[in-house]
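Q: One letter stands for each residue in the lines below.
Number of protein chains: 4
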Amino acid sequence: MFARLFVPVELLEATSDAAWLGAMLDAERALAAAEARAGIIPASAAEAIAAACRPEAFDAEAIADAGRSAGNPAEPLVRALREAVDDEAGRYVHWGATSQDIVDTAAMLVARTAIELILGFLDDVCERCASLADAHRSTAMAGRTLLQQAVPTTFGLKAAGWLVSLVESRRGLAYIRAERLAVQLGGAAGTLAPLEDRGAEVVRLFAEELGLQEPAMPWHTDRTRIAELGAALDIAVRPLAKIGLDVALLAQTEVGEVAESKAGGSSTLPHKRNPVGSALAIACARQVEGHASVLLGSTAQEHERGVGGWQAEWPALSGALAYAGGAAAAARRALEGLVVDSDRMAQNLNATGGLTAAERVSFLLSEHLGRPGAHELVSEAVERARTSGRSLADELEGDPRVDALHMELETALDPSTYLGSAETFVDRALELYREEANRQ
Amino acid sequence: MFARLFVPVELLEATSDAAWLGAMLDAERALAAAEARAGIIPASAAEAIAAACRPEAFDAEAIADAGRSAGNPAEPLVRALREAVDDEAGRYVHWGATSQDIVDTAAMLVARTAIELILGFLDDVCERCASLADAHRSTAMAGRTLLQQAVPTTFGLKAAGWLVSLVESRRGLAYIRAERLAVQLGGAAGTLAPLEDRGAEVVRLFAEELGLQEPAMPWHTDRTRIAELGAALDIAVRPLAKIGLDVALLAQTEVGEVAESKAGGSSTLPHKRNPVGSALAIACARQVEGHASVLLGSTAQEHERGVGGWQAEWPALSGALAYAGGAAAAARRALEGLVVDSDRMAQNLNATGGLTAAERVSFLLSEHLGRPGAHELVSEAVERARTSGRSLADELEGDPRVDALHMELETALDPSTYLGSAETFVDRALELYREEANRQ
Amino acid sequence: MFARLFVPVELLEATSDAAWLGAMLDAERALAAAEARAGIIPASAAEAIAAACRPEAFDAEAIADAGRSAGNPAEPLVRALREAVDDEAGRYVHWGATSQDIVDTAAMLVARTAIELILGFLDDVCERCASLADAHRSTAMAGRTLLQQAVPTTFGLKAAGWLVSLVESRRGLAYIRAERLAVQLGGAAGTLAPLEDRGAEVVRLFAEELGLQEPAMPWHTDRTRIAELGAALDIAVRPLAKIGLDVALLAQTEVGEVAESKAGGSSTLPHKRNPVGSALAIACARQVEGHASVLLGSTAQEHERGVGGWQAEWPALSGALAYAGGAAAAARRALEGLVVDSDRMAQNLNATGGLTAAERVSFLLSEHLGRPGAHELVSEAVERARTSGRSLADELEGDPRVDALHMELETALDPSTYLGSAETFVDRALELYREEANRQ
Amino acid sequence: MFARLFVPVELLEATSDAAWLGAMLDAERALAAAEARAGIIPASAAEAIAAACRPEAFDAEAIADAGRSAGNPAEPLVRALREAVDDEAGRYVHWGATSQDIVDTAAMLVARTAIELILGFLDDVCERCASLADAHRSTAMAGRTLLQQAVPTTFGLKAAGWLVSLVESRRGLAYIRAERLAVQLGGAAGTLAPLEDRGAEVVRLFAEELGLQEPAMPWHTDRTRIAELGAALDIAVRPLAKIGLDVALLAQTEVGEVAESKAGGSSTLPHKRNPVGSALAIACARQVEGHASVLLGSTAQEHERGVGGWQAEWPALSGALAYAGGAAAAARRALEGLVVDSDRMAQNLNATGGLTAAERVSFLLSEHLGRPGAHELVSEAVERARTSGRSLADELEGDPRVDALHMELETALDPSTYLGSAETFVDRALELYREEANRQ
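Those protein sequence lines, which keep their order, are chains U, Z, A and W.
Take 402 as the starting number for the first sequence in the working numbering and just add one per residue.
Take 402 as the starting number for the second sequence in the working numbering and just add one per residue.
Take 402 as the starting number for the third sequence in the working numbering and just add one per residue.
Take 402 as the starting number for the fourth sequence in the working numbering and just add one per residue.
To be clear, the hints were calculated from the coordinates, so they are not data collected in a lab.
None of the values given here were measured: they were computed from a predicted structure.
Warning: the hint list may mix true and false statements.
[As the list claims (entries may be wrong)] Computed list of lysine to any residue pairs in SDA-like fashion (alpha-carbon distance at most 20 Å, straight line):
{"id": "1", "chain 1": "Z", "residue 1": "K663", "chain 2": "Z", "residue 2": "D742"}
{"id": "2", "chain 1": "W", "residue 1": "K663", "chain 2": "Z", "residue 2": "T788"}
{"id": "3", "chain 1": "U", "residue 1": "K663", "chain 2": "U", "residue 2": "E528"}
{"id": "4", "chain 1": "Z", "residue 1": "K663", "chain 2": "W", "residue 2": "T788"}
{"id": "5", "chain 1": "A", "residue 1": "K663", "chain 2": "W", "residue 2": "A467"}
{"id": "6", "chain 1": "A", "residue 1": "K663", "chain 2": "U", "residue 2": "T788"}
{"id": "7", "chain 1": "W", "residue 1": "K663", "chain 2": "Z", "residue 2": "A467"}
{"id": "8", "chain 1": "W", "residue 1": "K663", "chain 2": "A", "residue 2": "D525"}
{"id": "9", "chain 1": "U", "residue 1": "K663", "chain 2": "Z", "residue 2": "D742"}
{"id": "10", "chain 1": "Z", "residue 1": "K663", "chain 2": "W", "residue 2": "S780"}
{"id": "11", "chain 1": "Z", "residue 1": "K663", "chain 2": "Z", "residue 2": "R405"}
{"id": "12", "chain 1": "U", "residue 1": "K663", "chain 2": "A", "residue 2": "R787"}
{"id": "13", "chain 1": "U", "residue 1": "K663", "chain 2": "U", "residue 2": "T788"}
{"id": "14", "chain 1": "A", "residue 1": "K663", "chain 2": "U", "residue 2": "S780"}
{"id": "15", "chain 1": "U", "residue 1": "K663", "chain 2": "A", "residue 2": "T788"}
{"id": "16", "chain 1": "W", "residue 1": "K663", "chain 2": "W", "residue 2": "R405"}
{"id": "17", "chain 1": "A", "residue 1": "K663", "chain 2": "A", "residue 2": "S532"}
{"id": "18", "chain 1": "W", "residue 1": "K663", "chain 2": "A", "residue 2": "D466"}
{"id": "19", "chain 1": "A", "residue 1": "K663", "chain 2": "W", "residue 2": "R480"}
{"id": "20", "chain 1": "U", "residue 1": "K663", "chain 2": "Z", "residue 2": "S470"}
{"id": "21", "chain 1": "A", "residue 1": "K663", "chain 2": "A", "residue 2": "D742"}
{"id": "22", "chain 1": "A", "residue 1": "K663", "chain 2": "U", "residue 2": "R785"}
{"id": "23", "chain 1": "Z", "residue 1": "K663", "chain 2": "U", "residue 2": "A463"}
{"id": "24", "chain 1": "U", "residue 1": "K663", "chain 2": "Z", "residue 2": "A463"}
{"id": "25", "chain 1": "W", "residue 1": "K663", "chain 2": "W", "residue 2": "G738"}
{"id": "26", "chain 1": "A", "residue 1": "K663", "chain 2": "A", "residue 2": "P409"}
{"id": "27", "chain 1": "U", "residue 1": "K663", "chain 2": "A", "residue 2": "E781"}
{"id": "28", "chain 1": "Z", "residue 1": "K663", "chain 2": "U", "residue 2": "E602"}
{"id": "29", "chain 1": "Z", "residue 1": "K663", "chain 2": "U", "residue 2": "A467"}
{"id": "30", "chain 1": "A", "residue 1": "K663", "chain 2": "A", "residue 2": "E737"}
{"id": "31", "chain 1": "U", "residue 1": "K663", "chain 2": "U", "residue 2": "S532"}
{"id": "32", "chain 1": "U", "residue 1": "K663", "chain 2": "A", "residue 2": "E784"}
{"id": "33", "chain 1": "Z", "residue 1": "K663", "chain 2": "W", "residue 2": "E781"}
{"id": "34", "chain 1": "Z", "residue 1": "K663", "chain 2": "Z", "residue 2": "R674"}
{"id": "35", "chain 1": "W", "residue 1": "K663", "chain 2": "A", "residue 2": "A467"}
{"id": "36", "chain 1": "U", "residue 1": "K663", "chain 2": "Z", "residue 2": "A451"}
{"id": "37", "chain 1": "A", "residue 1": "K663", "chain 2": "A", "residue 2": "R405"}
{"id": "38", "chain 1": "A", "residue 1": "K663", "chain 2": "A", "residue 2": "D525"}
{"id": "39", "chain 1": "U", "residue 1": "K663", "chain 2": "A", "residue 2": "S780"}
Using the sequences and the hints, build the whole thing.
A: So this is what it looks like as structure tokens:
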């Protein structure tokens, strides 16, 4: 419902009925061209077919309606295409192919276009995360585990974590684009019998025409490619949901460390700054999960063509591609001009009166008091701080055991000096990102 | 992709952007009417609002586009509706409500219409199964377990099994229609504060206006209703996939016991009789599964309104409703005029040379020879029959141990006399169906 | 891994191999008893079988190992049971039944025990929510939408929302316990042919023996019951994940409105109060989701016995039951002695300087200034408050347009007077809970 | 339930509580060793810790029970380990690490062992498919689409299709084993602050100690690795379910083209040859799907450590690994000594009286009669053959239009001459398999 609310227009178009229709026509054109090059059908027929393969000449709605009888949209399209050329060329339309050859090849073409768009959105999200990681490498904030403040971290490290997850999770999609989008051509049951001993050659030329991979053999019921595509989309959107979740959590009224620059207003609540980009990223990622589960769950297809499993792929594939783009676009929006309030980060980090320094103090004291002694001392101070409302530093300072050590408590309690390898990790994340970007 | 190939037009319409828009306007109209009845807003304002709530006056696409900023489609709709009435009435549009009140209520209205359609299709499938069960109560066929012929059954019993599964699985949907489709009205955070102490009264009147249930309290983040709806749709389509699977299996070239009357032809394979209705029922059921997983998986929504989980429901709910209708319509098509070849059923049942009677013979012999002896004797005869190509009867007749018993082997090997309670169960299934139909 | 970490011991036991073994033996015993009562097998045989059906006499591990060959655990169990009685009784073991009759009936028995336990845990969670709802009916706190403070609500209303979701989502499970746990008895292919015309009678007696429902007919491949059970478990745990999520969010360091009384400590971070119960409730609910997806996705089973779909149910059913109990137990732990900090709630509600009163002020002003004028005025004041750090009241008071109205700003900005129907809804939730409890 | 029925013992062990416990101890040992090498803790402490890290010295059940309080099993294990060494060494146990460092690293170790086993089973299945593809490259059989006989294919090509799907789907798992199993080490919030500026160095040494990858930075809430692992397991088992499905379909009584050599018997039905391996492969693949959905669906984890999402991974990961092994072992069993009945294949191919040659005849005739004329003629002959029971050849021969062409109908109707590129594709599949095997 209201797909436009979730999915960028270019992705809606790339996965629309019109896009599928266009891709099926591309496949028919390329098939005829390949067969003409192989000398199997006359060049004139291939030219006539190519001339007729104009999407605007076909009615997607009528194709879909007619496809209901055949159980697929290629069968009525082939009939319509034959009618659009003369009898001689008509004889060579779809020569030796089966409906699934056309639909599967079209699926790969649709996927290619959509993946390009998705990767573009993902690149934008990466770039934004890289900027945040770099700009905030020293911006101390509370690290939070199980939603409890734990020890200090930096906002740069958090953004670096997002970046690494994006870089690593987009690899699957890039791999599919580069290696796994293959033509389908097997004829009625995968033998290409009507092409006699020329089958493999035609497959090669067909792949060449479309710029797709040449498979080892027809994959009518080897749906590994489809499963991989579903999984890659699902994996690629996971970090987007994580970013959405983190942004929404950081944007909470009580946390207030970030705000989406394009936060949604409310007609009745003028003060609200809804993290709408984050919400939509999460919502879109869930759709991808649902669609991907259909793609993965439909792979066990019977014999040489599935009865239901194959047909189930079409809406799910379109949906997975569209909403993956939606998730990336939404995450991009969430991060675009993200308002980062480093003062509030510092303030929150100190809000517990230094409790996030407890680990460090405990470590330092354990050198003098042994581990159990230190843990006990700090635990008591923490407990006192909780009830007294005083800071951990105050509570520790009053303790004679601490006093005796003449520790540099002030330094120990300064979060900016307890960031360990945060900056190193940010550098490594940025390096990984740049290497990966160069590799493409 | 090509949703029309899968989903009946009426269900596409019932779950379209236009339908959601209309339902949201219904909700706004009903809210104003309820508030006018409660004396909270002027009757004239409610009338003006009602007059303005004409779906054709609004642009669904523009609403969706604008909804992207707010993160929901109600916010821009309310703005547009305010502009469509005069200032006085405009003040009372959406009075005290929040966007989610409108979207959730609209979801219930959309679901109600769609469920009616789905139940109608399901009733047709039930009716067809009941006819088959009745007509074929004595049509013997092979019962098959793990796809191996086991013992005889009847086609009537198989159809009765389909019928019971349909009757029992549609209950959830009927229950939801009757009991669980409730208005949503809670205002910004569920307290209905702007309505002061009149909240509960307005909820009651609002529910009355729309013919929906009155909930105990707002359910903004109690998504049990949505989860139940998703699960009920998923459960209701399961039997349709099972019917599709059974029909496709029975229609196999090598089995040939049934054929869809509207089987799909093939342009290149004139002899094919593709079980297209079955394939589409299976394919649609899988979409429902995917969409339902989104609905169930999105229920843990934060505090008083979810950040992502709520928004995730809209496409999934629309999809689940649409494809549930698609599954039912496809199964109806698969069974409409189903060609049942009872001769072929008999022939297949005898094809193993009576092996499906092995259990019975073994039972009969065990009275004379004890269980282990009987099992051994029959196993040997079965093994001989497998290799000799002769029938089990022939192999048994040659055995002196059998001969000595003067058994009525012919009767024992006649499948039509070994059907146990098949007919009783058919009667019980039909009775259950009629009782359930009367109860509605 | 480490199932004991997630699942209460009683539920681990109720879903263990030993429990399944015991349930299968119960089924065999009851079958023999029913057949003896129907005069089909000798009473002495039934007695001997009953005497042999002692779980401790069988080796669950050996049964599982042997079951690998047959593809189910009933086949080797029947063999072992036959060996455990004398030849005469051995002849009547499993009389007329098929392995699936025993396994499915055992599944229902296992489910019954586990559901009882789960409902017990759920009742405890309900009770705790009811107490919280009642005790905190006037405890004002911030209502939060998309994780932003919106308008005031009460903690009682939040707990009431949890309660209603629990009450309504447990109904499915209670319905299954009461109405849908049925014996399975159909023999090799559902006709009960070996029982001749006594099949239905034996089914009735079998059901009576076990206290399970009598189905209309065998349901070997009508898996509606299993799908319903999977869905009911999944639905029942959804509110538990929501409770876990809300508690974890409220327990955030920066929010601090609640704390689990049994919060997890950390060896290195003495100040942490990890909401472990909440985390485990969420984690368990996810397992249920995964297992339920297997149960729902396996329902389309071939002909008279599934090849894979049926077998897939066993681990998934055991897992769904166990982890549903785990989720309920974890949520119970999260709420047990939940520390509610109403001061902090009040403090957080005021932390925005009264921004959560913006809606109300806007409403009040709109009576004087019209909707657009009021919205504009309040938006400006909100914006000023954000940057000045002063409260909304201060910003409003300085505005001559407000001043002219002599409004009771102080009252308007007091959240405790802007709670609308919160208390009414709490009452209704408690009433629903009590009615439902009485109905049981 | 009865996990041993599904999962090979070695995989049950590799994913057991004991295996996790052992892996956690490995992680603790390696951490201490790495820190000693970096000069951060005394070598003597590392030695003492190594000596104490004996799995048999710890009680997995007690660890799990205690882990319930902390919400993870590492916390009690660390406590127990500290008690197992002297005070001095105890101070250095788990130095600078957080529980998640240990559990995540252990997960990688458990996964590594299990993946090795799974790949071993998969290799066996590949080998079996390769043999079948090679041996049956010329064994003609009916190609079946939507379960209808379409045109001839070979059993070798079918097996080659299985092989390619296995080769291509196992790549993901092999990639993960080689590239994506990384240590986890980040300390409380990912900065490794207690290790000051030595964090990265210790991570490198830690990875070296365990033979795992060194990640760019801690991945506490970047769950891409886990999602990839879940997806790779899910993808790798898809072909196994497809093989199971195909074998079960081919083994149908009415098809009878293959039989599992270890087919399951039935106590009451001596003639049954249940394709148990196939059924278990399908059932196991479904479990993997369910578990993988949990792994993928839990990736959006909050801030620096998830509240529920992380914990949800443990049972799901164990289950996914175990049942992936189960699926591979079951498929191996299904194919081990698979009985292939090539006579029956030939017989079934001819059973339709040559209908599977309809495509070819139509192609041949279209050269003389044009496409529409040929299609019409063949369709009529097919229709006559259906009703007359005569073969397509007989019906065609009687047609004067055919007669006039003096076609070699006999050759045209011989399926063994209409196999197109089947053999070429088999060669390519085998070549792919060998290349891939060499690459490993």
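Q: Indicate, hint by hint, whether the structure satisfies it.
A: Verification of the supplied hints:
As the CA atoms of Z/K663 and Z/D742 are separated by approximately 16 Å, the hinted pair is consistent with the 20 Å bound. Of the supplied pair hints, the one linking W/K663 and Z/T788 holds, its CA atoms being roughly 18 Å apart against a limit of 20 Å. For the suggested pair U/K663 and U/E528, the alpha carbons sit about 18 Å apart, so the restraint of at most 20 Å is met. For the proposed pair Z/K663 and W/T788, the alpha carbon gap of about 18 Å is at most 20 Å, so the pair holds.
Between the alpha carbons of A/K663 and W/A467 the distance comes to roughly 13 Å, so the proposed pair stays at or under 20 Å and holds. Of the pairs offered as hints, the one joining A/K663 and U/T788 holds, with about 18 Å between alpha carbons and a cut-off of 20 Å not exceeded. Taking the CA atoms of W/K663 and Z/A467, the gap is near 63 Å; set against the 20 Å cutoff, the hint is violated. Simply put, W/K663 and A/D525 have alpha-carbon atoms about 50 Å apart, too far for the 20 Å limit, and the pair is violated.
Only pairs whose Cα atoms come within 20 Å are accepted, and U/K663 paired with Z/D742 is rejected, the gap being roughly 65 Å. Annotation: proposed proximity of Z/K663 to W/S780 holds, straight-line Cα distance about 17 Å (limit 20 Å). In summary, the hint linking Z/K663 to Z/R405 is supported, as the alpha carbons are separated by about 18 Å, within the 20 Å threshold. Simply put, U/K663 and A/R787 have alpha-carbon atoms about 17 Å apart, close enough for the 20 Å limit, and the pair holds.
Taking the CA atoms of U/K663 and U/T788, the gap is near 40 Å; set against the 20 Å cutoff, the hint is violated. In summary, the hint linking A/K663 to U/S780 is supported, as the alpha carbons are separated by about 17 Å, within the 20 Å threshold. For a cut-off of 20 Å, the pair hint linking U/K663 to A/T788 stands: about 18 Å separates their Cα positions. For the hint pairing W/K663 with W/R405, the CA-to-CA distance comes to about 18 Å; that is within 20 Å, so the pair holds.
At roughly 18 Å between alpha-carbon atoms, A/K663 and A/S532 fall within 20 Å of each other, so this suggested pair holds. This hinted pair checks out: W/K663 and A/D466 have alpha carbons roughly 15 Å apart, not beyond 20 Å. Between A/K663 and W/R480 the alpha-carbon distance is near 19 Å, which keeps this suggested pair within the 20 Å criterion. For the hint pairing U/K663 with Z/S470, the CA-to-CA distance comes to about 8 Å; that is within 20 Å, so the pair holds.
This hinted pair checks out: A/K663 and A/D742 have alpha carbons roughly 16 Å apart, not beyond 20 Å. A distance of roughly 19 Å separates the Cα atoms of A/K663 and U/R785; the hinted pair therefore holds under the 20 Å criterion. With a CA separation close to 19 Å, the supplied pair Z/K663 and U/A463 stays within the 20 Å bound. The straight-line distance between the Cα atoms of U/K663 and Z/A463 is roughly 19 Å, inside the 20 Å bound, and the hint therefore holds.
For a cut-off of 20 Å, the pair hint linking W/K663 to W/G738 stands: about 8 Å separates their Cα positions. A distance of roughly 16 Å separates the Cα atoms of A/K663 and A/P409; the hinted pair therefore holds under the 20 Å criterion. Proximity of U/K663 to A/E781 is assessed by CA-CA distance (about 18 Å); at most 20 Å being required, the pair is judged to hold. Among the hinted pairs, Z/K663 with U/E602 is inconsistent with the structure: their alpha-carbon atoms are about 38 Å apart, more than 20 Å.
Distance hint between Z/K663 and U/A467 is fulfilled; the C-alpha atoms sit about 13 Å from each other, no more than 20 Å. A threshold of 20 Å between alpha carbons decides the hint, and for A/K663 with A/E737 the separation of about 8 Å falls inside it, so the pair holds. Only pairs whose Cα atoms come within 20 Å are accepted, and U/K663 paired with U/S532 is accepted, the gap being roughly 18 Å. A C-alpha spacing of about 15 Å is found between U/K663 and A/E784, which places the hinted pair at or below 20 Å, so the restraint holds.
Only pairs whose Cα atoms come within 20 Å are accepted, and Z/K663 paired with W/E781 is accepted, the gap being roughly 18 Å. Taking the CA atoms of Z/K663 and Z/R674, the gap is near 9 Å; set against the 20 Å cutoff, the hint holds. With a C-alpha separation of about 13 Å, the suggested pairing of W/K663 with A/A467 holds against the 20 Å cut-off. A distance of roughly 33 Å separates the Cα atoms of U/K663 and Z/A451; the hinted pair therefore is violated under the 20 Å criterion.
Of the supplied pair hints, the one linking A/K663 and A/R405 holds, its CA atoms being roughly 18 Å apart against a limit of 20 Å. Taking the CA atoms of A/K663 and A/D525, the gap is about 16 Å. The hint holds against a cut of 20 Å. For the suggested pair U/K663 and A/S780, the alpha carbons sit about 17 Å apart, so the restraint of at most 20 Å is met.
Against the hints set out earlier in the document, violations occur for numbers 7, 8, 9, 13, 28 and 36.
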